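*Asks:* Sequence:
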Amino acid sequence: TVLGDPLTRYEGTLKDILPTPEKVNDAIFYYARFEVPNPQGILRLEMTAQVHIQLSEVKNVITIPLSALGEAIGDNRYHVRLLRTGEVKEREIVIGARNDTDVAVVKGLDEGDEVIIGEGAAGAAK
Numbered sequence: 406t407v408l409g410d411p412l413t414r415y416e417g418t419l420k421d422i423l424p425t426p427e428k429v430n431d432a433i434f435y436y437a438r439f440e441v442p443n444p445q446g447i448l449r450l451e452m453t454a455q456v457h458i459q460l461s462e463v464k465n466v467i468t469i470p471l472s473a474l475g476e477a478i479g480d481n482r483y484h485v486r487l488l489r490t491g492e493v494k495e496r497e498i499v500i501g502a503r504n505d506t507d508v509a510v511v512k513g514l515d516e517g518d519e520v521i522i523g524e525g526a527a528g529a530a531k
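Quick note on numbering: the working numbering labels position 103 of the sequence shown as 508, and the sequence is numbered without any gaps.
Since the hints were derived computationally from the structure, they do not count as laboratory data.
There may be inaccurate statements among the hints.
Stated by the list, open to error - Calculated cross-link-like contacts (lysine-lysine; reagent style DSBU-like; alpha-carbon spacing at most 35 Å):
id	residue 1	residue 2
1	K512	K494
2	K464	K512
3	K428	K494
4	K464	K494
Model, not experiment: these values are computed from the prediction.
Using the sequences and the accompanying hints, generate a full structural model.
*Replies:* As structure tokens, then:
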């Protein structure tokens, strides 16, 4: 989005980022070049924009909160605790993409498995 029109989103491809940021007050700014379709000529050189960069995308995967991950047991392998028929069971899972709050489970969980997030709380795998 651009500052003058925060409701309109533009999608594009990041081409490069200048290696030296500029500090203004307590904010740090990076200059970058994007390739964005601009058929109406609304976007101009050197416009200020608020940018969100998507590094990866996964679809149709089970996700759990990062807080549900137990002990790391290898590359992308963790233990999680499940609630099954009233009992706590431990299971090994393999994780994939992650963000600040959730992680994609590549192997080891089925939809509907109840993963224990904290003491006394369980949430269904999505």
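*Asks:* Run every hint past the structure and note whether it holds.
*Replies:* Hints, verified against the model:
At roughly 16 Å between alpha-carbon atoms, K512 and K494 fall within 35 Å of each other, so this suggested pair holds. Between K464 and K512 the CA atoms are separated by roughly 14 Å; this keeps the pair inside 35 Å, and the hint holds. With a CA separation close to 51 Å, the supplied pair K428 and K494 exceeds the 35 Å bound. At roughly 27 Å between alpha-carbon atoms, K464 and K494 fall within 35 Å of each other, so this suggested pair holds.
Checked against the numbered hints above, the structure violates only hint 3.
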